[in-house]
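Asks: Chains as they are written, first to last, in the numbering used here: chain V, 260 to 372; chain U, 932 to 1045.
Don't read these hints as lab results, they were simulated from the structure. Glycine is no exception: its CB is placed at the ideal position from the N, C-alpha and C atoms. Accuracy of the hints is not assured; some may be wrong.
The following residues of chain U were derived to be distant from chain V, with all beta-carbon distances above 10 Å [what the hints assert, rightly or not]: (1) S943; (2) V944; (3) A960; (4) Q976; (5) D986; (6) L997; (7) V1001; (8) S1005; (9) G1014; (10) K1024.
Which stretches of chain V does chain U cover? Using the computed rule of at least three CB atoms under 8 Å from a CB of chain U, they are [claimed, not checked]: (11) 301-313; (12) 356-365.
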Amino acid sequence: ETGVTQSPTHLIKTRGQQVTLRCSSQSGHNTVSWYQQALGQGPQFIFQYYREEENGRGNFPPRFSGLQFPNYSSELNVNALELDDSALYLCASSSGGTGDEQYFGPGTRLTVT
Amino acid sequence: GESVGLHLPTLSVQEGDNSIINCAYSNSASDYFIWYKQESGKGPQFIIDIRSNMDKRQGQRVTVLLNKTVKHLSLQIAATQPGDSAVYFCAEKLSGGSQGNLIFGKGTKLSVKP
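Kindly generate the complete structure, drawing on both the sequences and the hints.
Replies: In structure tokens, the structure reads:
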């Protein structure tokens, strides 16, 4: 186990709704990265938070947003959900803001109907 | 666009044999590489990493080889066990790229026959 936790484990939403996913990083880690993993694919980088600031972003639209809190836990928010947003959402924690040695949580399975 | 890819989407080996999982990357600006193991219903598990200033790194039962000349990465698993059955991903990080941006390939499914 990595010590990275995510909640909820599963979620079903309707198209157009909004969702918030949560991640607690491993003890001692101050950096959280979020990824989207579609079925049968490798994870795709959404963004990274380091010391409560966005520290890098992948090719995702602005309706994907996030937060990092002083205890380094993080939230991923997705507005105006689309069917293609159905995926496993993974967070990974690391230290130092470089993105090296990222340790993943178990993920949140989001289904949009 | 440039991407990390894998030569073999599936690999079936006998328990006790050695496994070699290959990965081709196309971005010469990548300076950091990681292998992950992902079991069904779980998040990717860190196995081993290597930086571009190295060509080999060993862990417990695993070895990663990096050949920058041909942009090739491999993961060798010694004495493969049934518990090694999973999907294996290689991932690369671009030097100077967006922090935290690991670029993953599609994965290779390793199946270990008892």
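Asks: Now tell me if each hint is right for this structure.
Replies: How the hints compare with the structure:
no., hint, in the structure
1, S943, "holds (18 Å)"
2, V944, "holds (22 Å)"
3, A960, "holds (15 Å)"
4, Q976, "violated (7 Å)"
5, D986, "holds (18 Å)"
6, L997, "holds (15 Å)"
7, V1001, "holds (21 Å)"
8, S1005, "holds (17 Å)"
9, G1014, "holds (15 Å)"
10, K1024, "violated (6 Å)"
11, 301-313, "holds (count 7)"
12, 356-365, "holds (count 10)"
Of the numbered hints listed earlier, those contradicted by the structure are 4 and 10.
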